[in-house]
Amino acid sequence: MASGGDSKYIYRGKDVSPNLEVKVNVVDDAGNVDDTYSNAAKTVEDASKLDPKIAELHKKLDSLADEHLLPQFREIDPNLEAVYTGSFKTGTVGNPNKPTYGQPINLDNYDIDYWIKSDKLYEMYGNSLKANPEFRNILGETPGFEGLKPNKQGFSIKFLPSGN
Amino acid sequence: MKENSYGAKIKLTIEFEGNMKELCDVISKSLSIPEFWFDTISEPPYETIGYCETFGFEIDIQKDSVMADSYIFSAVTTDTFKEINEDRMHNLSIWFSSYFKLVSKLKIRISD
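Chains Y and B, in that order, are what the protein sequence lines are. Take the first sequence: its letter number 67 is residue 67 in our numbering, and every next letter is one higher. In our numbering, each number is its position in the second sequence, counted from 1, plus 1000.
Read the hints as simulated data drawn from the structure, not as lab findings. Nothing here was measured: the structure is a model prediction, and the numbers come from that model. Ideal placement from N, C-alpha and C gives every residue a C-beta, glycine not left out. Hints may contain errors.
Residues from chain B that face chain Y, not an exhaustive set, calculated with beta carbons under 7 angstroms [unchecked claim]: (1) Cys1052; (2) Glu1053; (3) Thr1054; (4) Glu1058; (5) Asp1060; (6) Thr1078; (7) Asp1079.
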């Protein structure tokens, strides 16, 4: 959850305030419009729209993954980047092929798509979704994650190349 | 103890003219395993993949990106990250393709 106050913005325990410069509708000589935001600014903007319940689940998941899931992979690649995606990240179903597209996440029946970005791990494990029954059990015992779908349907890991 | 632990993997190509759901039904029945569930990957082009978890294996079915009317059947023992990392994975593809052909009558070959 992002929090504002003076000029500091804290998101998931990190101070993201130094990069808050926003570039909006910059038009170049050829007339092309660049409406990109700096990453940090977009992160804060997204976080400010997030349901506080989901933001709280993010915090719990980050902490549990740091303790129970990621150490085995950090042994192989200490520089890996772990993120989650899909409706659990944004709070809204963003896949246009799903009948629930555009609707808010249903916290009584949802899944977590967990991505680990690392060239080394991607080469080793490929890009198919992987289950992790041990970590799924840990989530199952953690208040707030009762609505996760069972097994791999509820929690899956996907390895991606770095910088993807 | 974990140093003596081995996982296993299978990768096959199945020629099948029906859709993925129909193929997964044939597989479930012939191998006597649970029904597949389906999901689209969360990034474009949002392809559909069929999943089944049984007997400690994770099975994925997806459309072959090169050959028409072909699907890739992939099975790997679950939670064997360490075994994969340390090259302790048995390849069961040859044995499994023979058994799978016998029970399913599908056109199956070993994937490259």
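Query raised in the report: Which of the stated hints cannot be reconciled with the structure, identified by number in ascending sequence?
Result: 1, 3
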